[in-house]
Structure formats: structure tokens, C-alpha cells
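Following the hints, complete the assembly by docking chain B onto the known chain A.
As you go down the protein sequences, you meet chains A and B in turn.
Residues in the first sequence are numbered from 282 upward in steps of one, following my numbering.
Residues in the second sequence are numbered from 8 upward in steps of one, following my numbering.
Hints in this document: simulated from the structure, not taken from any laboratory.
For every residue, glycine included, the Cβ atom is placed at its ideal position computed from N, Cα and C.
Misleading hints may appear alongside valid ones.
[As the list claims (entries may be wrong)] Stretch by stretch, here's where chain A covers chain B in the computed footprint (C-beta under 8 Å, at least three residues): (1) 51 to 65; (2) 108 to 118.
[Claimed, not checked] One side of the interface only, derived from the structure: several residues of chain A facing chain B at Cβ under 8 Å: (3) Tyr308; (4) Leu327; (5) Trp364; (6) Leu384; (7) Phe385.
Residue-level listing of the chains:
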Amino acid sequence: AQSVSQHNHHVILSEAASLELGCNYSYGGTVNLFWYVQYPGQHLQLLLKYFSGDPLVKGIKGFEAEFIKSKFSFNLRKPSVQWSDTAEYFCAVNAFQTGANNLFFGTGTRLTVIP
Amino acid sequence: SQTIHQWPATLVQPVGSPLSLECTVEGTSNPNLYWYRQAAGRGLQLLFYSVGIGQISSEVPQNLSASRPQDRQFILSSKKLLLSDSGFYLCAWSVGPGLGYTFGSGTRLTVV
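Chain A with its partners taken away, still in its complex shape (with noise of 0.2 Å):
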């Protein structure tokens, strides 16, 4: 079965920290990549994805991740954050399976930005 790991649950920073946010999944075989984001109060949204192709995929509001096939990892990255940056972060595996194409989460990060 699938399973993908987020092994920070809360990550505080300072604004203009640099934010690295892991996630490693379970499953050798074809998968496309989401990050999620829910702000406070907020829908669920989609922050980016990787299907195929260049592995450094970027999303909205500055926030990039690279697909590291040999270490099934799809880490988060932002140079910079911003006090709004403040939310929950979800990773997302899809593993091509017959009929629907089901998405696995983590179990989130909360990031916490201090102005």
C-alpha cells in the first residue's frame, strides 16, 4: 500500500526564513506529486504538482519542489516565507491504480511564521 511520510508536524519560523518542507512516499512504480495547502479557515487548495518532466516544479506564491526519484522524496521549498504563509502544508501521492485515481496524504505540517 501506499504511504507518504511528512516528518515535521509544526515548523516555526521567522518572516524571510528559508522554509524546507519534507515529504517521502512508499511506491516504486508511476506517481504524480501535489503539495496542498489549507489556510486557516480556508479550502483545501493546490499549491503544486509534478506529473513528468523537469523534476523542480513550480507552484503559486513563490513556492517551488523537486521530485527526487531515487530517494521517493518531494520536499516543499520557499526561499523566503511570509507571515502569510502560515497554514497547513499536505503532501499527495497518486499511484496509477485501475479506475480512480486515488490521492494518499501525509499527515501535514502546520508552519507557523512569526512576523
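Relative to the frame of chain A, chain B by itself:
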């Protein structure tokens, strides 16, 4: 444009009472539909998914059931709620493999 509606937004139910949460999608046909639960400290857990009317797959054994009576309607039910059913329930849809999900606004269920 496609939209997804989920209701109610909050619900407080006593233990042993029934449950019915509804999710509908507009602006698309034959979507894949999903129910997730987001429990405190446990992330998002896939409960059910459906690729078509009447087709339900369960990912986790539990006290809940799902039904899809119409193409764009997905219902989460329980005959008798347990305390452990408390959580934040999210409906989502997708049009096909690898395209990611669009989530509803969620229902916060508290079983007392």
C-alpha cells in the same frame, strides 16, 4: 465552471444517532468522487471513492458508508455514530488520473 458543494458546515450529533452528509458537484460529468476525514493530528484519510453511479470503494473499515445515487451526488452516512467518528469530513472530485482534486468546504462533525 465546476463547483463542489458540501453541507452542512458544522454538525453536532449524539452518540448512536444517524448521519447523512451530502456532497454535490456542478459543471462536470462522471467525476470521480471522494470522501476524506481529517482527524486532529492524523492528516487526511481516504474513506470512500466512487468512479460512477452506484460504485463505491471503501479504503478503511469503519462505522460509515457511502452512496452515489446520482452522477454528481455523493453521500456519507452512518446508522449509529460513535465518538470516534468526530472529525472534519471533506468531499472532493477529480475528472481523471493525476489531475488532483478539488475539495469542498468540509463538514465539522462533533459526536457528543
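Hints, one by one, checked against the model:
1. 51 to 65: With 7 residues in contact (Cβ-Cβ under 8 Å with chain A), the coverage given for the segment 51 to 65 of chain B holds.
2. 108 to 118: Coverage by chain A holds here, the residue count being 5 at a Cβ distance below 8 Å.
3. Tyr308: violated (14 Å)
4. Leu327: Where the cut-off is 8 Å and the nearest Cβ of chain B is about 5 Å from Leu327/A, the hint holds.
5. Trp364: violated (24 Å)
6. Leu384: Constraint on Leu384/A satisfied, holds at 6 Å.
7. Phe385: holds (7 Å)
Hint compliance for this structure: hints 3, 5 are not met, and every other hint is.
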